[in-house]
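Student: Produce the complete structure using the sequences and hints provided.
There are 2 protein chains.
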Amino acid sequence: MKIALDAMGGDTAPETAIAGAIRAARELPVEVVLVGQQAAIEQHLASYAKRPANLSIVHAAEVIGMDESPVASVRKKRDSSINVGVELLKERKVDAFVSAGNTGAVVSASTLLVGLLPGIERPGIATLLPGVTKDTLLIDVGANIDPKPLHLLQYALMGEAYMRCVLGRVRPTVGLLNVGEEETKGTEFMKETYGLIEASGVNFVGNVEGHDIFTGEFDVIVCDGFAGNVALKTAESLAHAISVLLKRSLAMSPITRLGAWLAHDAFLNLRKEIDYAEHGGAPLLGVDGISIIAHGASGGKAIKNAIRVAYESVRHELNPNMVEAIRLSSQRVPP
Amino acid sequence: MKIALDAMGGDTAPETAIAGAIRAARELPVEVVLVGQQAAIEQHLASYAKRPANLSIVHAAEVIGMDESPVASVRKKRDSSINVGVELLKERKVDAFVSAGNTGAVVSASTLLVGLLPGIERPGIATLLPGVTKDTLLIDVGANIDPKPLHLLQYALMGEAYMRCVLGRVRPTVGLLNVGEEETKGTEFMKETYGLIEASGVNFVGNVEGHDIFTGEFDVIVCDGFAGNVALKTAESLAHAISVLLKRSLAMSPITRLGAWLAHDAFLNLRKEIDYAEHGGAPLLGVDGISIIAHGASGGKAIKNAIRVAYESVRHELNPNMVEAIRLSSQRVPP
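So the protein lines, in turn, are chains A and B. With our numbering, letter number 173 in the first sequence gets 174, and the count goes up by one each step, no holes. With our numbering, letter number 224 in the second sequence gets 225, and the count goes up by one each step, no holes.
It should be emphasised that the hints constitute simulated quantities derived from the structure, not laboratory data. There may be inaccurate statements among the hints.
Since the list can't tell identical chains apart, any single copy or any two copies may satisfy a pair.
Computed list of lysine to aspartate or glutamate pairs in EDC-like fashion (alpha-carbon distance at most 16 Å, straight line) [as the list claims (entries may be wrong)]:
id	residue 1	residue 2
1	Lys3	Asp266
2	Lys248	Asp266
3	Lys77	Asp289
4	Lys3	Glu92
5	Lys149	Glu189
6	Lys186	Glu199
7	Lys186	Glu69
8	Lys273	Glu69
9	Lys186	Asp147
10	Lys186	Asp68
11	Lys192	Glu182
Tutor: Here it is in C-alpha cells:
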C-alpha cells in the first residue's frame, strides 16, 4: 500500500511531516511517498541516521500557504504539493493522500481533481473526538458550511460506515446535532434532515445536543459544517484554556506545586486521552479516494497517526463500503 | 429594588431557588419576591432559622416543567410561576425577573407578555464565559435559532452595551463567530451580517472562530442561536469530560492520589474559575424589562449570582443604555 504525504503541509513543515513519515514508515506496512520540494525534503531526511527503504519522494515545486484562498490556490498552483499529491491519488499511483496543510485546499483539490464517490453530493470532514467512555465521530466539521438536508443524510450514512468498517463498531448509533432532543426542535432544515435520517435505515437515535459530544454515548454525530466547525474549535479553545488555568492554579502554593509534581503521570495520561494527536487525522469522507486531513499544528506523532488512519481506511475498504451503504439507503429513501 | 425569582424553576426547585433567594436577600440591597406555590415555599422557608425581612412571596399555583413546549405552556398555564413572575415585571411591580426554569418558556413569556425594547426585533440570550485573561460574552446562545442579519447586528449592539454599562469594559471589542477570520469567509448570511456590524459603530474586530471563545481576547462574540447553543453545550460537555478523565487519571496510582490530595486547593480554584455558578445567570437582552435566565442545574450560589446579575443590570440602567445604542446605530445604518 502506498500513502502520499504532503511534506509541505502544516505549521512546521517540512520538518514534522518528515518526522511523521519516518515513524509511519517504520511502524506501518506501507510505502510513504513524500510530496513536496525535493531539495528541502532531502535536506531534512539527511538529519536521520537511517532512511527507511519504504520512503520515497515525488517532487512538487510549489506550496499552498495555510491562509491562501482554497479554490483559487488549487486552480493556480498546479505544481503544489497538495495538487501533485491529489493527482497521484487520482491516477491510483497511491492508495491515499494525507495533508496537514490548508484544509480548504485539500477539500477543493480532492473534490475537483479526484471527484466524489457515486451518489455522493458533497464531501464531509469527519473528526474523531475523545469521550468519557469512547470516541465519537463528528461529521461535518467544516467542508460544507451551507449544506442541504440530503448532504447531512449522506454524512450520517458515511459516518456510520466509517465507524462500522474502520473502527469495528457494531451497529453504530447516529445522532443529529440540534438545540433540543425532541423531534420537533430546531429549524425547518433540521426537521427535514431528521426525517431523512430516520428513514435511512441507520441506527438513528434522534436529536442530540452539544452536551452529548464528549460523553461517548453516541458513535456518530451529524451536523452542518458551520456548527461542527464552531463546536470543534470551541472545544479546542476550552481544552487549552483549562490547561492554562490548571497550570496557573497548580502553581499557587508550594503544596500544590508538590502535588502537581507527584501527579505528573496523571496529567500526562489525561493529555494522552484528550490529545487530537492520538486520534490521527480527519478523513474527508465522500471523495473517490482516501484523503485524510491532519491538524495544522500536528507533530510527528499526529502525522504518523493520520497515516495510520489512511492505512486503516484503505485496509478496511472504506469507500466500497460507503458506496454500498448509500446505495442500500437510496433504495429506502429516493434522493 | 425588587427582584422576582421563579421559586419553581430549576432541576431541584424549590429548594435551591429558596436557598439562593435567602443568600441574595442577605447579601444584596434588594427585596427578593419568591414566585410559586406558597405552601411549598413556606415549607422550605421554615427550615431556615431566620427569614430575612426583605423576602416576600407571590403565589402562583402552576408550574411549567423543564421539558414542556415553551409557547404552548406559556399560553396555557397563565398561573405558572414563570407567567406570574413575568406579569409582575410587565406591571413594573418588580424591577427584574430571574428563573432557572424552562429556558424557552422564559423567553416566550418575556417576549409575549413584556414585549421588546423599542427598535429590537428579537431577544437574545447572552452568556458570560470564563476566559484565560477575562470573561467573554457570547450572544445568542439559543433564543433565536434562525436569525436574520439584522438580529445579529442588534445582538452586537446589545452585547456591547451590556459589557460597557454593566461590566464597565471600556470600548468593548465585538467579534462575529464564523468559520474563518477573513471577511470573505462563511455563508452569504455571515457576509451580510459582517457588513452590518462593521457599519454600526461598535468596536468591531471582524470574524472570530470557535478557538477565540475561551481566550478572553474579545469582550463580545456574536453568533446565531443555533451555533451559540451548540458551542455552549459542547463546552459544558467537554469541561465535564475533562473533569471525569482527570479524576480517573489522578486515581491511577498511590503517588498520583497523594499528588491530587496535596493539589486539592488548586482544583478547587480551577473549578471556581470555570464554574458557571460564579458567573451568574444569562441576561435575555432585548426584553422591555430585566429578565435573567439561570442554568437549570443552578445551586443556591448560582441563583444568588443570577439575582446579582439582575441587580447590576437594573442599577446600571442597562435597558435605557441599550435603547440608546440601538438608536445611535440606526442613524448610521438604517434598518
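Student: Would you mind marking each hint as holding or not holding in the structure?
Tutor: Do the hints match the structure? See the list:
no., hint, in the structure
1, Lys3 to Asp266, "neither (37 Å within a copy, 52 Å between copies)"
2, Lys248 to Asp266, "both (15 Å within a copy, 13 Å between copies)"
3, Lys77 to Asp289, "neither (23 Å within a copy, 54 Å between copies)"
4, Lys3 to Glu92, "within (12 Å within a copy, 74 Å between copies)"
5, Lys149 to Glu189, "both (11 Å within a copy, 15 Å between copies)"
6, Lys186 to Glu199, "within (15 Å within a copy, 32 Å between copies)"
7, Lys186 to Glu69, "between (38 Å within a copy, 12 Å between copies)"
8, Lys273 to Glu69, "neither (32 Å within a copy, 41 Å between copies)"
9, Lys186 to Asp147, "between (19 Å within a copy, 12 Å between copies)"
10, Lys186 to Asp68, "between (37 Å within a copy, 12 Å between copies)"
11, Lys192 to Glu182, "within (12 Å within a copy, 30 Å between copies)"
Consistency with the previously given hints fails for numbers 1, 3 and 8, ordered from lowest to highest.
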